[in-house]
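Assemble chain B onto chain A, guided by the hints.
In case you want the letters, here they are:
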Amino acid sequence: MKKAIPFLTLCFALLLSSFVFRPVSEGYKVGDKAADFKLKNVDGKMVSLADNKTAKGYIVVFTCNTCPFAQAYESRIVSLNERYAPQGYPVVAINPNDPAVAPGDSYAAMQAKKYSFPYLQDESQQVAKLYGATRTPHLFVLTRKGADFVVSYIGAIDDNSEDPKQVKTKYVENAMADIMAGKPASPSSTKAVGCTIKWKRA
Amino acid sequence: MGPTKVILLGLSLLLAAPSFAQQVAVIKFPELQKRLTRPTDTTYVINFWATWCAPCVKELPNFEQLRTTYANKKLKVLLVSLDYASQLDKKIKPFVKQRSLKSEVVILNEPDPNSWLDKVDPKWSGALPFTLIVNNKTKKRVTFEKELSAVELKAALQPFL
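As you go down the protein sequences, you meet chains A and B in turn.
Sequential numbering of the first sequence, starting at 1, is according to my numbering.
Sequential numbering of the second sequence, starting at 1001, is according to my numbering.
Hints in this document: simulated from the structure, not taken from any laboratory.
Hints are not guaranteed to be accurate.
[Unchecked claim] Some, not all, of what chain A presents toward chain B, calculated at C-beta under 8 Å:
id	residue
1	Lys33
2	Thr134
3	Glu162
4	Pro164
5	Ser188
6	Gly194
7	Ala202
Even for Gly, the Cβ is constructed at its ideal location relative to N, Cα and C.
Only chain B is shown next, with the shape it has when bound in the complex:
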């Protein structure tokens, strides 16, 4: 592919970008749980975050980066927002658009965290951010109740890939 073609391709992707406008689904816990336990060989990186959580917002680009770094691997990033679902149009959608988030974003609409936090991980005390990396085929699973740097995230993923 010549350089002109690459530029043209890049340009067309750039122009096409708005059509990829991110959908933000509002889900309940059983649906999330179904996705967490799906018996596939895909490694899921699930990051629990919120627009109001400064360390979460800071680490988001590290998760976005995984999409390109591991484009050839069976890896899926899911960003689970714990913002209030009532803020979907006012806060979350504009945030996702402004940051051009490409990973899938869902809002977990469950008012009582006590009813589901343990089911994600008994060790999770409820502080954000929280990250779960899981591969149900290999039964590998690791969790972090803290902000992850790009280096830490890469290191955490290494045993999965």
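With the rest of the complex left out, here is chain A:
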């Protein structure tokens, strides 16, 4: 038993360090170059940012079927596409949830949604990790700079998830106004509450 105690202490310290000192992937910050991806759309076709040659940018939103906040924002995401796609900034929705954890986010369940913009499955969750998405909905505005896309805004859609009529500040619309005027978005990043992405169980 005398030997067991230091051993247990060591085990305990290791256990503690495994999550206290775990390096956290930072994800993108405003100004970073956004990597392109190739993800499967609900129509079975693969979609990349490079596909749309005329896009001035994209409103990339990590969202899903199952999160109540994503559901609350669904129609507002549809409106964003209606408003900004004609101006060169279409919406690309990406569902990063592991269907093994959230069955309502299976590819088949995603296909029940009939959006006018791509709804992509991030099966490996690599895109969500690369971008630094943590929750649904989590929104990234990208703008074209030559052959690349640069992150110009990260964050919330607006300041009231419950009731669109109570919204006072439309964060993403303000950011889009700045971006389309050729200015940096101000604020360029905001925060919102959302459902944690359902990561694959290790």
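Chain B alone, transformed into the frame defined by chain A:
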């Protein structure tokens, strides 16, 4: 204390339970902040959750368990619900009653998380669940933007107790 007395005591506590019906206060951020910064030697475990958040609901019993595990320690669990305050009677109160939650539950009624998330912790991106363990006397502070198992929670608390 004889076994009969223990049983009687247990029984009376059981019967008395409904009278402990949990109050759920609806608060604004400044009030929460006041509580987060109170200069006491009590360790606060503050869990941000919501009834609609599956991993939150799953880990709630681990927080409830702390009340009994550390009954003799200066530890307080505060469950901060981010459900909409408009759902208080319809959803939150019935949930608290049904799960017999004994830790204090409050609803944070602030529609714009961008205005206060950073003040809880700049590292918090806004995903739920989120847990903050803080002791303002010893200035110890640790946060987790993920679901915590009973073992992880216990390990996280160890340096505080």
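A quick look at each hint next to the structure:
1. Using the Cβ-Cβ criterion of 8 Å, the hint placing Lys33/A at the interface with chain B is not satisfied: the shortest such distance is roughly 21 Å.
2. Nearest Cβ of chain B to the Cβ of Thr134/A: about 4 Å, under the 8 Å cut. The hint holds.
3. Annotation: Glu162/A was flagged as interfacial toward chain B, and the flag holds, the nearest CB pair being 5 Å apart, inside 8 Å.
4. At its closest, the beta carbon of Pro164/A sits 11 Å from a beta carbon of chain B; the interface hint therefore is violated under the 8 Å criterion.
5. Hint status for Ser188/A relative to chain B: violated, with the closest Cβ pair at about 12 Å, above 8 Å.
6. Using the Cβ-Cβ criterion of 8 Å, the hint placing Gly194/A at the interface with chain B is satisfied: the shortest such distance is roughly 6 Å.
7. Proximity of Ala202/A to chain B is violated relative to the hint, the smallest CB-CB distance being about 12 Å (cut-off 8 Å).
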